[in-house]
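For the protein sequence lines, the chains are A and B, in the order given.
What the first sequence shows, in the working numbering, is residues 173 to 366, in sequence order.
What the second sequence shows, in the working numbering, is residues 5 to 449, in sequence order.
Watch out, some of these pointers could steer you wrong.
Here are the computed distance ranges between Cβ atoms for each label pair [what the hints assert, rightly or not]:
(1) B:CYS58 <-> A:GLY288: 37 to 47 Å
(2) B:ALA91 <-> A:THR255: 36 to 46 Å
(3) A:LYS212 <-> B:GLY269: 39 to 49 Å
(4) A:GLN332 <-> B:LYS23: 54 to 64 Å
(5) B:LYS109 <-> A:ILE244: 53 to 63 Å
(6) B:GLU237 <-> A:GLN332: 34 to 44 Å
(7) B:ARG257 <-> A:GLY288: 22 to 32 Å
(8) B:GLU252 <-> A:CYS308: 23 to 33 Å
(9) B:ARG90 <-> A:SER182: 41 to 51 Å
(10) A:ALA205 <-> B:LEU239: 55 to 65 Å
Read the hints as simulated data drawn from the structure, not as lab findings.
Cβ coordinates follow ideal geometry from the N, Cα and C atoms, glycine included.
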Amino acid sequence: MSDKQNAQKSAKIAAGAVVCVESEIRGEVTIGARTVVHPKARIIAEAGPIVIGEGNLIEEQALIINSYPENIAPDSEGVEPKTMTIGINNVFEVGCMSQALKIGDNNVIESKADLGRNMILTSGCIIGACCQVNTCEVIPENTVIFGSGCQRRVQTERPQPQTLQLDFLMKILPNYHHMKKTVKTTSAVTPAKN
Amino acid sequence: MASLLQPDRVLYLVHGEKKIRSSLSTLYFCRYCSELRSLECVSHEVDSHYCPSCLENMPSAEAKLKKNRCANCFDCPCCMHTLSTRATNIPAPLPDDPSKTAMKKAYYLACGFCRWTSRDVGMADKSVASGGWQEPDNPHTQRINKLIEYYQQLAQREKLERDRKKLARRRPYMPLAFSQHTIHVVEKYGLGTRLQRQRPGAPITSLAGLSLKEGEDQKEINIEPAQALDEVEPLPEDYYTRPINLPEVTSLRQRLLQPDFQPAGASQLHPKHKHLLIKRSLRCRKCEHNLSKPEFNPTSINISSECQVLLTLTNPVESITHVTLVGCEEGDPEDINSTAKVMVPTKELVLAGKDAAADYDELAEPQDFQDDPDVVAFRKSNKIGFFIKVVPQREEDGDVTVSFKIRHDFRNLAAPIRPSEEDDAPTEAIWLTHHVELSLGPLVA
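Construct the complete structure from the given sequences, taking the supplied hints into account.
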């Protein structure tokens, strides 16, 4: 428990975000307002900081990790830390794993999906359940990737932001879980358990 | 259980028209012939039609009218999943007072799998949850219907002529039977039921066929032959140079699922009604009785040590069953797949009957079976675990397969009671032998 608190020194959680204590946040992570992080979600910033925008929904056992690429050892020199940016109104469903460095707005990454490091999601994309996508490309807007063969199609409208769900969770989660302390983004304060 | 876990590990040999090896979960057992039957040794008959998503049952006649489609459920034209109806609130002007707007519910169809919605193809939202969705009309329907009527009439005429020829040779008292050939001719165009109608009160005579012709009103249907056109629309000029918008192109499967239109563009893919599935009944071809499920069920295979294999045998009937295992002899014609020698226990194994109450009765005395610990690993109510020794014959990368024969006794409790001289004779036990093949997996070096 105590090393968890030490590691959390760099996590900056904006006011209005709901981050459960059971979630694991390591490294330099910035979380925007109105974002909900469920228990057992993991946000790990190993090889660089992670910036998460507002209104995101990160569900249980989701893993957002900024890790070193496979061919580079963690201790080698000359490796610049790259920031992983995640936009607003994204949904990371249960059990998904995302290593993509740049995620835009209004995307949905469904359960057990797997995003590689070299992907760039624009906005309105839906990565279907259990789809593993690790190509090196920019996914155009409003693309849906689905099926066991990762078929693609383009939808005409972007997925709706989950405002109802977010409001509900922000009311209910504090009744059953302890929350991580939010800080003002200007000063970095060690968050302590509630 | 085999169907859930490892369907192809244990195979049984079925002696039918073809020798089929398949797992027990796909086989049936005919109580009257006392033999295993596979799906190819039985005749399948259509029982009823039902929709797989709303589970609505409908009789075959109604299904035929609706072209074997469900009236309520739709399939996604993109991924063939079932579409679900979703509702949104849209502000709509009240009919009384156009200046005020009230929230009205609008329904649209959406696919949960590929996120296709009915708005993608331009279908407007409906105000009713179900029944508002129509499939687009085929522009050629009229012509097709006319052609069908014309050919039905033609088939009727052909059939009458054939029967008249047959009548000329046959004696007059033979009824106007539907000969095999004419039924096919008639069924070709879907005409079956009409010809079976006779005028009420009139006796069925051999000349009924002729009188039918005058009774039915014979509209002479004339069709125009299809016309061949000389001029064809030329291709657009940029046909070869226009860049392809790949998401807009439909796949072959999507296209052919809509044979009426076969759209090339994804924005014209309309949802179709869901296809119905059938429930079928199986009938043994030899004894013409309906079949029942198999009786025996060897379940799991645990490889506990290198050469010794633990098999579990479960007894599904309520009486004690005796099982003997016999290895396949040299030159056994059925033993084609085994790659290893097997040494099966020579003693007879006894399995207790299935007793549903035994699970709950902890104080029940264990039945006293003298079990050889080298042979029987464990015994629990109606299950027994026993060892067989496997010696792989070939050093190869393929799977190790062993085969042997199971011989067990079977009491047919469902057979009709035959009157016999002794009133209390118990049902006779018959001994059945099955050829079993076990696939044990690849050899580990």
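Name the hints, by number, that the structure is in violation of. none
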